[in-house]
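Each chain, written out:
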Amino acid sequence: MTDPHSHSDTPLKQTPLHDLHVKLGARMAAFAGYDMPIQYPSGILQEHLHTRAAVGLFDVSHMGQAILSGHDAVKRLETLVPGDLAALAPGRIRYTQFLNEDGGILDDLMVTRLNQSGDQLYLVVNAGRKDADFAHVRARLPHLTLNVLDDRALIALQGPKAAEVLSRHFPGVDTMPFMSLRHIEKDGIAFYISRSGYTGEDGYEISVPATHAVAFAGSLLQAPEVKPIGLGARDSLRLESGLCLYGHDIDTTTTPVEAALMWSISKRRRTEGGFPGDERVRLQLAHGPSRARVGLLPEGKAPAREGCDITTADGVLIGKVTSGGFGPSLNAPVAMAYVEAEHARIGTPVHVLVRGKPLKATIAKMPFVPQNYYRG
Amino acid sequence: MTIRYSKDHEYISVDGDVGTIGITDYAQNALGDVVFVELPSVGKAITKGGEAAVVESVKAASEVFSPASGTVVEVNSDLEATPSTVNEDPAGKGWFIKIKLSNPSELDELMDDAAYQDFLKTL
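In order, the protein sequence lines correspond to chains A and W.
Under the working numbering, the letters of the first sequence match residues 2 to 377, in that order.
Under the working numbering, the letters of the second sequence match residues 13 to 135, in that order.
It should be emphasised that the hints constitute simulated quantities derived from the structure, not laboratory data.
All the given hints hold, so there is nothing to weed out.
Computed cross-link-like contacts, BS3-like style, restricted to lysine-lysine with a CA-CA straight-line distance of at most 27 Å:
{"hint": "1", "chain 1": "W", "residue 1": "K19", "chain 2": "W", "residue 2": "K105"}
{"hint": "2", "chain 1": "W", "residue 1": "K56", "chain 2": "A", "residue 2": "K302"}
{"hint": "3", "chain 1": "W", "residue 1": "K56", "chain 2": "A", "residue 2": "K358"}
{"hint": "4", "chain 1": "W", "residue 1": "K105", "chain 2": "W", "residue 2": "K133"}
{"hint": "5", "chain 1": "A", "residue 1": "K228", "chain 2": "A", "residue 2": "K24"}
{"hint": "6", "chain 1": "A", "residue 1": "K366", "chain 2": "A", "residue 2": "K321"}
{"hint": "7", "chain 1": "A", "residue 1": "K358", "chain 2": "W", "residue 2": "K60"}
{"hint": "8", "chain 1": "W", "residue 1": "K133", "chain 2": "A", "residue 2": "K24"}
{"hint": "9", "chain 1": "W", "residue 1": "K105", "chain 2": "A", "residue 2": "K302"}
{"hint": "10", "chain 1": "A", "residue 1": "K358", "chain 2": "W", "residue 2": "K110"}
{"hint": "11", "chain 1": "A", "residue 1": "K14", "chain 2": "A", "residue 2": "K24"}
{"hint": "12", "chain 1": "A", "residue 1": "K302", "chain 2": "W", "residue 2": "K110"}
{"hint": "13", "chain 1": "W", "residue 1": "K60", "chain 2": "W", "residue 2": "K19"}
{"hint": "14", "chain 1": "W", "residue 1": "K56", "chain 2": "W", "residue 2": "K19"}
{"hint": "15", "chain 1": "A", "residue 1": "K228", "chain 2": "A", "residue 2": "K187"}
{"hint": "16", "chain 1": "A", "residue 1": "K302", "chain 2": "A", "residue 2": "K366"}
{"hint": "17", "chain 1": "W", "residue 1": "K56", "chain 2": "A", "residue 2": "K361"}
{"hint": "18", "chain 1": "A", "residue 1": "K321", "chain 2": "A", "residue 2": "K302"}
{"hint": "19", "chain 1": "W", "residue 1": "K60", "chain 2": "W", "residue 2": "K112"}
Construct the complete structure from the given sequences, taking the supplied hints into account.
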């Protein structure tokens with residue numbers, strides 16, 4: 002059998018929760034330079050289903066957290082991203098992307114406006130891109146101060162019972178709006194609690210000082226509803242929910258328009274531009290992109306994975322799978338792909354080549370499962 | 013009945029000139045939850061070290077290599093409906109294919125149970 006695990010001789014970094022994962026019996030593997038839990042003994046299927054039914058606890062401390070501060074931080078950061086940060090109320094979060102001059106995506110990130118004056122922003126970026134992102138911000142926004150919070154852990158608590166569980170620790174967080182953040186001091190410890198996530202479920206991402214991360218994670222895990230969830234299920238959860246994974250579904254060769262992320266660019270930003278690649282993005286918005294990110298539902302049970310070619314029924318190549326696997330909640334294979342725009346309509350029958358064999362598949366609406374975000 | 017093991021964690025359980033091929037408990041554990049198994053057609057000739065099947069977990073697809081050469085005489089079509097049998101009973105109901113051995117002397121290059129257990133200790 003081919004070895005399902007990759008091996009690396011590069012020394013790996015550890016998150017503050019590393020030893021807890023090992024103690025919980027996690028299978029550890031390299032991810033973005035960190036030794037991370039891929040799964041716990043119950044396995045990816047159970048972890049995935051548990052998160053959709055109750056609460057999953059994820060260590061996402063490998064991701065980059067930073068505070069960007071200084072005069073006009075909102076306005077200045079808008080020169081690097083197409084997201085509408087000026088329209089954000091204090092304590093509200095925006096999903097956006099760092100773009101290059103061609104409108105290609107350097108990374109996707111969450112930006113929280115921390116105060117009314119807009120001179121303090123909290124950023125959360127992808128682990129594999131954080132060094133490049135922070136260097137980019139420092140080079141392009143020299144008048145602002147970027148304070149990288151590498152002394153903080155990040156714990157995601159996701160699932161339909163997440164609000165109930167976290168309210169026991171922080172009364173009132175159950176009514177926090179989706180995509181909002183609260184700074185809460187408890188026992189002298191500063192927590193940044195965001196109502197956001199990467200599973201399609203209601204939930205939170207909680208920034209906690211590294212020194213208190215193990216105790217905090219341990220106290221959350223004491224609740225009978227909460228189980229630790231590894232990166233394997235994190236990937237299948239986000240895939241079923243139609244959420245992009247950087248380096249796979251989006252990268253420097255894809256624009257937000259091609260990636261079907263237009264919803265993250267407001268009318269004002271579309272009209273005014275003022276972000277890298279704005280001309281190309283506006284042209285694509287006006288005329289439609291030549292290709293688009295779509296959902297793909299293969300018939301049968303064979304997963305269509307990243308790199309699988311997509312053709313018309315006549316065998317003409319029209320695209321490629323960028324993320325694919327098995328969706329445990331759907332109990333069927335699911336995938337994301339880029340296809341030529343004329344074949345991107347929902348319901349279009351296509352073929353996906355799995356190990357060279359053409360299998361029937363359909364361009365499908367995403368998310369593949371209903372999103373269960375808190376809507377008040 | 014003789015059972016032999018490969019270093020890639022396949023087993024072949026030999027009864028006369030027919031070998032039943034599957035993956036070991038170590039392999040199913042390393043894979044995690046099996047969600048799909050692709051099996052060859054009956055009548056297909058396969059060679060030692062060649063692809064006998066493809067087994068897919070939530071995360072990844074892995075090839076199952078044939079520990080010996082022969083012709084496929086039967087496949088475990090139950091795995092189409094319940095691929096998780098590979099996790100639950102890899103050495104029993106979770107077998108993949110049966111082949112008619114074309115060169116039984118190839119089995120001499122494989123490990124017996126004691127040698128395989130020793131091999132696992134080195135991993």
